[in-house]
Amino acid sequence: MVWSFISRTRGRGRFDVTDWLTWGYLILGIVLMFGPVLWVAMSSFKTDAALSEYPPSFLPFAPKTVMVEGYDDPLPLYEITAGEHRGEVLAQIRRIGLNAQMVDPQNPAEKINVKIGDRAPAREFAMAFENYSKLFERFNFMRYFWNSVFITVVATIITVIFNSMAAFALAKYRFRGRTTVFLLIIATLMIPPTINLVPIYLVVNELGLVNTPWGVIWPAVATPTGVFLLRQYMLTIPDDLLDAARMDHASEWRVYWRIVLPLAAPAIAVLIIFSVMWRWNEFLWPLIVLTRSEEFTLQLALNAFQGDLQTSWSGLLAMTVLTLLPITIVFALLQKNITAGIAQSGVK
Amino acid sequence: MFKPLTQAVQLGYRTAFNLFEWPMAGAQRLVGISRVAWLFLLPNLLIFGLFTFLPIILNFFYATTGSDAILLSQRPYVGAENFSSLLSCTDYLDPNSCRRDVFWRAVYNTGWFVVLQVGFMIAFSLVTALILNRDIPLKGFFRGVFFYPVLLSPVVVALIWKWILQRYGIFNAGLEDLGLAPVDWLIDAHWAFFWIIFVSIWAHMGFYTLILLAGLQAIPSDVYEAAEMDGASRFRVFSKITMPLLMPTMVVVVVLSLIRAVQAFDEIFVLTGGGPGSATTLILQYIYETGFASRPQLFGLAAAASILMAVVLLVLTLLQLRATRSQAEG
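Protein sequence lines correspond, in order, to chains W and A.
Be aware that the first sequence starts at 41, since it is given in the numbering used here, and climbs by one per residue.
Be aware that the second sequence starts at 21, since it is given in the numbering used here, and climbs by one per residue.
There could be a bad hint or two in this list.
Once the Cα atoms are required to be at most 25 Å apart in a straight line, the calculated DMTMM-like pairs of lysine to aspartate or glutamate come out as [claimed, not checked]:
#: 1; chain 1: W; residue 1: K155; chain 2: W; residue 2: E128
#: 2; chain 1: A; residue 1: K260; chain 2: W; residue 2: D59
#: 3; chain 1: A; residue 1: K260; chain 2: A; residue 2: D155
#: 4; chain 1: W; residue 1: K104; chain 2: W; residue 2: E150
#: 5; chain 1: W; residue 1: K174; chain 2: W; residue 2: E335
#: 6; chain 1: W; residue 1: K212; chain 2: A; residue 2: D155
#: 7; chain 1: W; residue 1: K155; chain 2: W; residue 2: E93
#: 8; chain 1: W; residue 1: K174; chain 2: W; residue 2: D56
#: 9; chain 1: W; residue 1: K376; chain 2: A; residue 2: D155
#: 10; chain 1: W; residue 1: K155; chain 2: W; residue 2: E124
#: 11; chain 1: A; residue 1: K159; chain 2: W; residue 2: E124
#: 12; chain 1: A; residue 1: K159; chain 2: W; residue 2: D56
#: 13; chain 1: W; residue 1: K151; chain 2: W; residue 2: E128
#: 14; chain 1: A; residue 1: K260; chain 2: W; residue 2: D56
In case anyone wonders, no lab produced these hints; they're calculated from the structure.
The shape of chain A in the complex, shown without the other chains (with noise of 0.2 Å):
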């Protein structure tokens, strides 16, 4: 049956081969063999040039000019004037008072969203990974059960919850089974921050998981021998030996999960919309809303925020890179 497919994809390799080899093997003679490397990089640099380098700086000039003009050539130089716009509060504490409010609800709810959803993930990913390097039958079996959902686009994720979470869902049904009273999950403010937590974390820990769990497999186990041997306990065992030659994987894995958890977005505004209200909006829907989803767009205030968000981003990246060094030297 893939014998077809096979050859397709042979006939494919041959032809993309002869189609290129020519003018390839041209511009070689061209630019002669020492400069032949930059040949093969063109293509990669020239994306990278186009969508990330130059995009850096035309963030500068976006975030330093107004109006909902798209050109830069059309938007006039107002200086700081988004950023104090942005970051212009009374009081610092209370998003009411700040111009910007939705700006400042969306960065508070990040920063609580960044604590809970980090610190409860990688606790139950822990668990799960020392679990699952326990010698268990059906190992690979349950590591894919735990790593699934990570697999899932995050509209999926959403919508399987809302449909779980809805008024007449099957949730609210189990509810009422015990004698519970039924809740409105995601028009609740509390409820909806609680459940953009829970459906986040459900749908990433598989990944952090299988990440510690290479770092649990990689401690050698004639240290537990040892341990065993000497009759410590296994409680001892874990704060005295897991948890110390496992700190440098979980370092990265905090710092990784950090940063994917400031950048949080399709699944929450899939779920919640950001609602009730402004209650689970976060800084990237924010960013989103400003600069896409509303008129006029206000690409200046869009483009102060997320350097504003760069800036946290890059702190958390140059801890990841300490914490990557420390790690490589052990």
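Bound conformation, chain W alone (with noise of 0.2 Å):
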């Protein structure tokens, strides 16, 4: 059954060449784009003893250790692989050339020497959940978290408000100069901000909003695709649901907050899908606006910890993980909406 399922081709009833190109390259796909990711997410499990160990092994091991009678620290334990005590495992207690001097914890008063080459490391699956939670103690992760989450959500907030209003004001009013304001905000998206760094950063500087959030805010709410995408939307929203509410002498603001934005609440979930994405993913303009570590997103402290050489990639990973667990969060639930709105609208 399962295979009839996988070898459904175009009503031909035969599985040819194409069919198994096809396979081939869907699971190619799944192993190139998902591997990776999960690569990194087993890796976040493990200790730094492990991450350090090569070759790498997929699943998370560390090594077993032992305590025993008559030592202070725990020992590391071995499987002897060959010579007279082949089989049994022994804790080792130190190196000495090409030699090991190791004791069977069940036997501690007895010293066994063992060639180097003739033991392996005894090891266990453990997931080294300090990893992730160091980051919360030692790494200031909830600071950054915050600072990502406010911005996000006060940004897509304030984006959704400004961009529904003046699209709001273009598509349901006749008046001089329509046309030049639509073109004006439209001919902005050929202007992205990575060409304006300089003077922005003068604007913010003058403003007196480096160094705060409301820095990568700003700039960026008054987008043009956000305000093409709505007004379009709101062109098919009939003029006389309008009119009756203003017969009931409803202010304008009322007609907008009441009616319009309800029923345009599908290209309004566009908009906020890809506001959350854009904000959270930012990073050149933070980059250069945030430069006090206490106001860093998650996006910069990531890029932070990764120049630091102090820092060891146990906890990077962990972090790396956290950072695309909401997204990927987001994704599994709505990745239907997401690849059509992307696809209609053409935008990301």
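Taking the hints as your guide, dock the two standalone chains into a single complex.
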């Protein structure tokens, strides 16, 4: 049954070479697209000792240790692979040249000499959750997480309100200069902020917003994409609905907030998804505006830690996983809406 | 579980309405119904003016003034010196002969990057879109597979690959298993350049695949049925039907990805830092480093370089507009 499911071809009933190629490509795609993320997720549960192991193992293993009577520190356990003690599991006391001085944990009095080539470290499956807990204890993770959440949420709310107000004006009023304003807004699509970095920095600096989240939030809330997306959608809302409300002496603000916004919900949902994605992943602009580490977003903190040689990979990998987790969950839940929204609007 | 959340959102929505209704209604009475549209446009236009239109003008002031002062009033006028400094070379094919050699290296790197990254990415996106357009089970899932990396942040993307490509990483372990010699992938200049292209294709191809897939699905199926009736070969169907009908979408995708590639920065900056040396430094990183990361901060030079980049982007955008128009006209 599984086979008939997989081998469904274009109705011709035979599994030909293009089908083989198709499935080969798709499976390669899964490995190539998910594999790296999975590998990082797996690695993030390894201890520092296991991370420095080469060649690396896929699952997180940690060397087994044991407390032996008469020794203060736990001793690493080894399996003996050759020689007279073959098959036994012994604890290593110390290494002397090419020999290892070992001891049987059950019989701590007797010391045994084994060639180092004759033993292999005994390992056990162990998830190093401390990689994650130490992020909260030592790395100030919550601070960066909160900064990212604050910027993402506040910027998205402002973006949606400002853009929908402008879209409402452009879609539902006839006034002199309407076309000019619309074209002007669309024209800014051609001017990515990357070519105005220096003067935008001056404006942010003059407003006293350097090293505040607002310096990241304000410059990018008036997205031409959002205005365009919402305007096109609002054009489809019939004017009669608005006029009926005006008959009841509703203010224009009430018409906008109580009638147009709820009706534009599908388009607004798309804009929210985009805005959250843009803001959570934003890098270059925060890198310029936020220079004090307590203002860093998650992305900046990750970048700063990876440049810092003091940082171990174990913490960095755990932080990477925590940073990609929210987006991954949102994607798993909203995959259809996201892909449909992007395919329709052609923006990212 | 979601009930309290929904209630909180509704409460916030109502509160926001009440908060703004009184001032907005008052403002409406003040300006009159005929000008109320401007009231709604105001916040957006204010932000646009402050952070888009004003900076465009200021950019030219920065580009024509010197020193490392951020305030324009403290910057002496230098005319076109920033531009001539960037453009002065004895031999334009050899970055070493240029006064701003890193700028020219960045220009050449960006040129190669744009050509190779866009070329290969479009090819892979097209193949993927064609395969996803076939009658396969779990279509939505596979579309998601190729799209997933698009959502990851550039920093995360770079760190994932840095972890894989490090000297004692899984990739080298796999090579050694096959009996090949391990390589310091991000320390060798040529390989580092290969990997920035590979990683940015990995991270972005899902987006273009999605757009091409939408283009493929827009091709009416009766065209294919007619071709099948006539007994046309697969290759002929592809070259005579699929490609011509996909062309408008294709042009949009090419121009869009060109515009993005010219401005590539994030993943590459985190993955290689522009190194080794300046082997993977692209133009936007040069602008960032000249204007913000190094001391003294040469704002004028950075502004001049971004104006040069803007010219390239403008040409590409005009191409896009023409392409979209011809697409709309069919």
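Exercise. Hint by hint, which ones does the structure fall short of?
Worked result: Hints 6, 8 and 11 are the ones this structure does not satisfy, whereas the remaining hints hold.
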